[in-house]
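Participant: Sequence:
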Amino acid sequence: MTPTALDRLTTAQVDVQNFALITHAIPAHRLYPHVPQRFELETYESDSGEEMAFISSSTFCNRQIHWSSARYPAHDFDQSTFRTYVTHRDRRGAYFFGTYVSTRLSLAGQFLVAANSHLADFDVTTDMDDSGYRSYRSRARTSDQELYFHIEATEVPEAKGPFVSGNEHAQFITYRLHGFARPPFGGVTYGPIEHRHMDPWSGRLIEGRFDFWERMEVLYPSEFSDPFSVLVEPSVRFTLHPRAPAGS
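In our numbering, the protein residues as written are 1 to 248.
Hints are computed from structural coordinates only; laboratory data are not their basis.
Quantities reported herein were computed from a predicted structural model and do not represent experimental measurements.
Built from N, CA and C at the ideal position, the CB exists for glycine as well.
Take the hints with a grain of salt, since some may be wrong.
To be verified - So the derived label-pair ranges between C-beta atoms look like this:
1. R215 / R137: 20 to 30 Å
2. R209 / P27: 18 to 28 Å
3. H75 / D47: 38 to 48 Å
4. R104 / L177: 26 to 36 Å
5. R237 / D47: 16 to 26 Å
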């Protein structure tokens, strides 16, 4: 669909690069107190019969975010997010508990839509070629928290329960076209997002530290080293639409 003049004036575009998602499967009862009741937490039953849910920690570079109507001004910044997976009014999306960003300008923008936003120092290095990511290290430090991981990703996503194929697994995690968050003024807002279906590399976590989840008491240090999956998308274009109240 060709964007209208209004679309170009009210949307933003950004190239999301080195989009790493480290996903852990945890007992769903840990998350329910943190997710507003209006949302349906997407869960599955483990082999032992326990209700499980997914949480993902991500790091990526926002390259040249700008209004769709003009290529400049534009801004670059690194970002990490902490999310789970929900449905609300038939909108399948990601519910964001918090985010770290690397610049004060991006912090001001993020805080308007997500109260739990923090300025962080980022140190990111990648070793990537046509065979995937031989190494990807990221450390994001706020005043009192740290997200650190060292991963490699040179495989295709695998079929892993509850998913019947590697592609279903990858799309469940990556193809989320609605983002929900709590703004500072109360309530919950959502922002529609457009992007293509991703085709990420899959791999393993070599080292990791996830203070954000530990503070929430949903993931514990003894569980850090055993993620459900590691996915990395090298580059994808996002179109960001205006946010609106999510409704009841």
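Participant: Take the hints in turn and mark each one as holding or not.
Facilitator: Hints and how they fare:
{"no.": "1", "hint": "R215 / R137: 20 to 30 Å", "verdict": "23 Å, holds"}
{"no.": "2", "hint": "R209 / P27: 18 to 28 Å", "verdict": "21 Å, holds"}
{"no.": "3", "hint": "H75 / D47: 38 to 48 Å", "verdict": "46 Å, holds"}
{"no.": "4", "hint": "R104 / L177: 26 to 36 Å", "verdict": "29 Å, holds"}
{"no.": "5", "hint": "R237 / D47: 16 to 26 Å", "verdict": "38 Å, violated"}
Hint violations for this structure: number 5 only, all remaining hints satisfied.
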